[in-house]
Amino acid sequence: MRLTDLSMKTSRWFDPASPLSDIVVSSRIRLARNLAGHKFTTCCSVEEKTKILKTLKEVILSLGSLGDIFFIDIEHGSNIERDLLVERQLISRNLAAGSGPRGVVIAQNELFAAQINEEDHLRLSVLAPGLNVEKCWQRIDEIDDAIGKQITYAFSPRYGFLTACPTNLGTGIRVSVMMHLPAIKMTEQLKKLFESVRDMNLTVRGLFGEGTEAIGDFFQISNQVTLGVSEKKIVDDFQNLIIPKIVEYERIARDKLLAKDVNILDDKIARALALLKSARLISSHEAMFLLSNLRMGINMGRVKEIPIETINELFLLTQPAHLQMNNGRILNPEQRDILRAETLRAKLN
Amino acid sequence: MQCEICKTNTATVHLTEIIDSHRTESHLCQNCAQKQGVTIKSQLSLNELLSSLLAAHQQTGENEAVEKTKKVCGECGMSMEQFRKQALLGCPNDYKVFDDDLKDIIEKTQDNNSEHKGKRLTQMEPTPAQQQDKIEDLKNQLAQAVKAENYELAAKLRDQLKALS
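Heads up: the protein sequence lines correspond to chains A and B, in order. Here my numbering is used: the first residue of the first sequence is 2, the next is one more, and so on. Here my numbering is used: the first residue of the second sequence is 4, the next is one more, and so on.
Check before you lean on any hint, since a few could be wrong.
[To be verified] Simulated coverage check for chain A against chain B, where a stretch passes if three residues somewhere in it have a Cβ under 8 Å from a Cβ of chain B:
#, segment
1, 109–120
2, 223–229
[Unchecked claim] Counterexamples of contact, computed for chain A against chain B with all Cβ distances above 10 Å:
#, residue
3, Gly-65
4, Ile-81
5, Asp-146
6, Asp-267
7, Asn-333
Worth flagging that the hints you see were computed from the coordinates, not collected in a lab. Don't be surprised by glycine CBs; every beta carbon is placed ideally from N, CA and C.
Extracted from the complex, chain A is given alone in its bound form (with noise of 0.2 Å):
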């Protein structure tokens, strides 16, 4: 298995068959765990680091329920390399950004992952398209039954699992679901939505952007707590209460915009498809904010020529580390801008 095998493909995490895949893109829970008698990732030495790699890699890879899976060596990898996997969301910026021993074990379909040496030894990530928090949960939870018949976990009966911050401590799960939310956003509800998220404890962030920033209206709520509560109630309030009312919110909006605001809406949707059809120089930022419109479009019945598979599979090709692997060498920002304008003419056109 060669990272260009995968930059050239859809990521399995924009699946259209997927459940309301139209506003959720996808479901993802991570788990964090430690190996009990060493020392968290940040006081860690080289040698212990070392060992805790080989370790857990050894660990994961001897599973047998995993399907194909491969081990990538973060640390000796190229930074195009390490882009790649943070744009296909396989890795986290933070282990991509880090020092010393480090990698990630990777099942070939792309929706499982697991960190090791991040900011706790072992970050456990099981992925599905669509609305499907609790496959999620079965799938990573006899992961880590399998992991912890071989390992012992650093766990203590009052706070559970123990991470290096608190912030994971207890469960460690972070159930994260990326959602489609232009209707919102165009109706200017985005701050009712965020209020009554944080409410409920929940974090928003935005997706593809550096950082916080939202991108292209793609938005992913994730728990805030995770000691006291357990993961079969965080799990279940996602994938029964938080998500469909959230999915309920945006279909909402977007009935509104079709009966009110008809000509604004389809005025967005054909300009951003003339301008990815015809752009000779455009921005990542650019890209994904006509792209969203577009996937606004034709999930809501607009666009009617185009497939969404394309739309899905752009959202990646066009990312920076995309292109430059894709294209076999690094390119500047303007090389990028050209050949990103390129690629979405020869799709789109």
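Since chain A is already given, all that's left is putting chain B on it; use the hints.
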């Protein structure tokens, strides 16, 4: 309080930034905050939230905290002062060593919860060596039980041995 930018509206967004332990505060109205791209950014990441809590914690309890910050974990060398700077602990043992200080911080960041309610540790499968040790141990105990003519215990030990081999 007035917005620092437009100087007309009431400031409802209060930002505290801590960069290299240097603290700056700004007070803006919703509109100006939005123009600055702050609305979304005001969703502090958990680490940021924690750092600001830690900084506040340190300021309020500065005097009585002097003694506590001198405490150092024997396993990783971490002190509370260091933790306040990086918001990350050094080893699992820190949760015991700094329990007094951490309890408060944990409750604040975890919606007042202080006890784990989720999944427990999975039972470890014994390694072949551990299994062998256990068998040897049982055999010794069995021999002693027979020698002491404690046949009831011997029968129990024999059954346990059978189950293992």
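**Request:** List in ascending order the numbers of the hints, as given earlier, that are violated by the structure.
**Result:** Checked against the structure, the hints that fail are numbers 1 and 5, while the rest are satisfied.
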